[in-house]
Amino acid sequence: MEIKKLQNYIDGEWIDSLTKDFVEIRNPARDTLLCLAPMSVQSEVGAAVRAAQKSFADWKNTPPVSRARYLLRLIALLEDNFDELSVVQTKEHGKTIDESRGETRRGIEMVEVAAGIPSLMQGTNLEDVASGMDECLINEPMGVFGGIAPFNFPFMVPLWFIPFAIACGNTFVLKPSPRTPMSQVELFRLMDEAGIPPGVVNLVHGGAETADALIEHPLIQGITFVGSTPVAKQIYRKCGDLGKRVIAQAGAKNFVVVMPDAEVDQTLVSLITSFFGNTGQRCLAGANLLVVGDDSFYRTFVDRFVEMAAGIKVGDGLDESVQMGPLQNVESKKRVLAFIAKGINEGAELILDGRKLNLVGDVAETCFLNPSVFENVTPDMTLAKEEIFGPVASIIKAKDLSESIDMINACPYGNAASIFTNTGKWARRFQHEVVAGNIGINVGIAAPMAFFPFGGRKDSFFGVLHGQGRDVIRFFTEPKILITRWF
Amino acid sequence: MKLNTMAAVMSFIANMEDESSAFYRRWAGTFPELESSFSDWAMENKIFMKRIKRTYFGVITDAIESTFSFSRLETSEFVFDTRLPEGAGLQSVMDKAAEIEEKIRDFYRHASHLSDGLLADIPQLFKRIAQKRDERLQILKKDT
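Protein sequences appear in the order of chains A and B.
For the numbering used here, add 434 to where a residue sits in the first sequence, where the first one is 1.
For the numbering used here, add 1379 to where a residue sits in the second sequence, where the first one is 1.
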């Protein structure tokens, strides 16, 4: 049987790409071929942007309450297809079915919040700014926006932006990740079914060249990007040069501090999910575990952490007994293996070796690793400094909270940091002094809900306004001031 | 068998509720004395399942973190057999129903206890369903 080739969605139509260049989309758990994704050519990006620009004129004049109704229809369709959407994520990414369901839920929450646009988009006004003169602020949509999505949350991340952009009256062109494009195809099918008018949302598959064409297109008003720090920096710079708005959410190296008074049982459950959930391929994942306390507490805690990590069942995410899936592709696995080798060479002690595979069920070993844990890691080691994006925990023994905070703030990344403690004073100090965009107190994954902004600090974020919440409404609108006087 | 994930817990519950519903439907038609309550209970089981699924999908992001709290959930303690010999009498059917309800109640109580403090809504729902099962159990015991 011929392998399915994914199509682009432009101006309300599913269209075969003009390219001859396709990449294989494989199920990382089984190493089976799922479909082929086109590396679309520049003219296809142009067609999508022009379609979006053409539909902008009518869409911006569609009342916000009517635009919200399209989103309400989309929510109903997403709920109806909840499990099917989740299964696609697991197949193309490898994450467990629970993780995919969680991602689907988080995605739907974005659409729910965006459906409140008649309230969210309201401006402000003040009568009598001078005698007999009134002043009013109106939030206007701007035109066509582009989105470049990552592979690790293929369904949810585009929903941080698309529903808000179109609810504000803009139109959108998305380039999904060339590694995990299928979830977005399903989302666009449902947006089509919800009756969103042609050209309002467009999907163009592709890689770096497609992304460049999107960023550089003169009709594009702004770009949303989620991915690695080097690429985020490039996009931020390029958008600056071109005078475009940009949200560039980048890499991370998140620290989790465990104080000696932490609730150990609940902390461990939370940490295991933080470090090994989504196979560590998450910008909010725990990476460096700082354990504060005497030798006895440290040893007991670390031993229990390792015991739990070693007990994680690894296999195909569609198997409900599995707690961790594979890395998303072979290159990701090679990258993680290189970090493990470097950690050993630099003198860290590998106390749980995830390279020794222990897998559940009939799976292909190609992309799998079991959880790894390093001990005796020091802040100057590569393991502690660079983003691994895999199931590897680096344990650092910290003297006290002050030393922990210093280590966190010395790190070039600032996406998230968590502390586990029962002492309010320590938690409050952590919250105030740590330089990171998202702080967790007894929470291992400090992921903001859809109605709060999501963005990191330092090398984890480039831009001014963040994704989600009221920030993203400001990102997708331009204020206009109206001053009136009647003689 | 030990359950490792929330998804596995959900499947176990679905199977448990389906089996008990089938039992009630099977015997509701045999004894007129049981028809009303057994038919209602079979229907109610479906509602429980829908509520649990809705709650699970609603709090799934919390459930992911909590999934490891179920790792101590050993299902062999809660497995029940719904089979009865052909021509079983009213008393045998009621005794079997009581045995099933007791197992299901204990399962929900245990699962609620394990996930308490980690999940927002699921342990509360489990507690409510355990209470309902206990009420059924009292009815069955009173009538025997």
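No wet-lab data here; the hints were simulated from the structure.
It cannot be assumed that every hint is accurate.
Lysine to aspartate or glutamate pairs mimicking EDC-like chemistry, simulated, CA-CA at most 20 angstroms apart [said to hold, decoys possible]:
#1 A/Lys747 to B/Asp1513
#2 B/Lys1429 to A/Asp517
#3 A/Lys819 to A/Asp796
#4 B/Lys1432 to A/Glu783
Heads up, incomplete: computed chain B residues facing chain A, CB under 10 angstroms, no partners named [claimed, not checked]:
#5 Asn1383
#6 Met1385
#7 Phe1410
#8 Met1428
#9 Arg1515
Which stretches of chain A does chain B cover? Using the computed rule of at least three CB atoms under 8 angstroms from a CB of chain B, they are [what the hints assert, rightly or not]:
#10 621-630
#11 859-867
A quick note: this is a predicted structure, and the numbers were derived from the prediction, not measured.
Beta carbons: idealized from backbone N, C-alpha and C, even for Gly.
- Where does the structure disagree with the numbered hints, that is, which hint numbers, in rising order? 1, 3, 4, 7, 8, 9, 10 and 11
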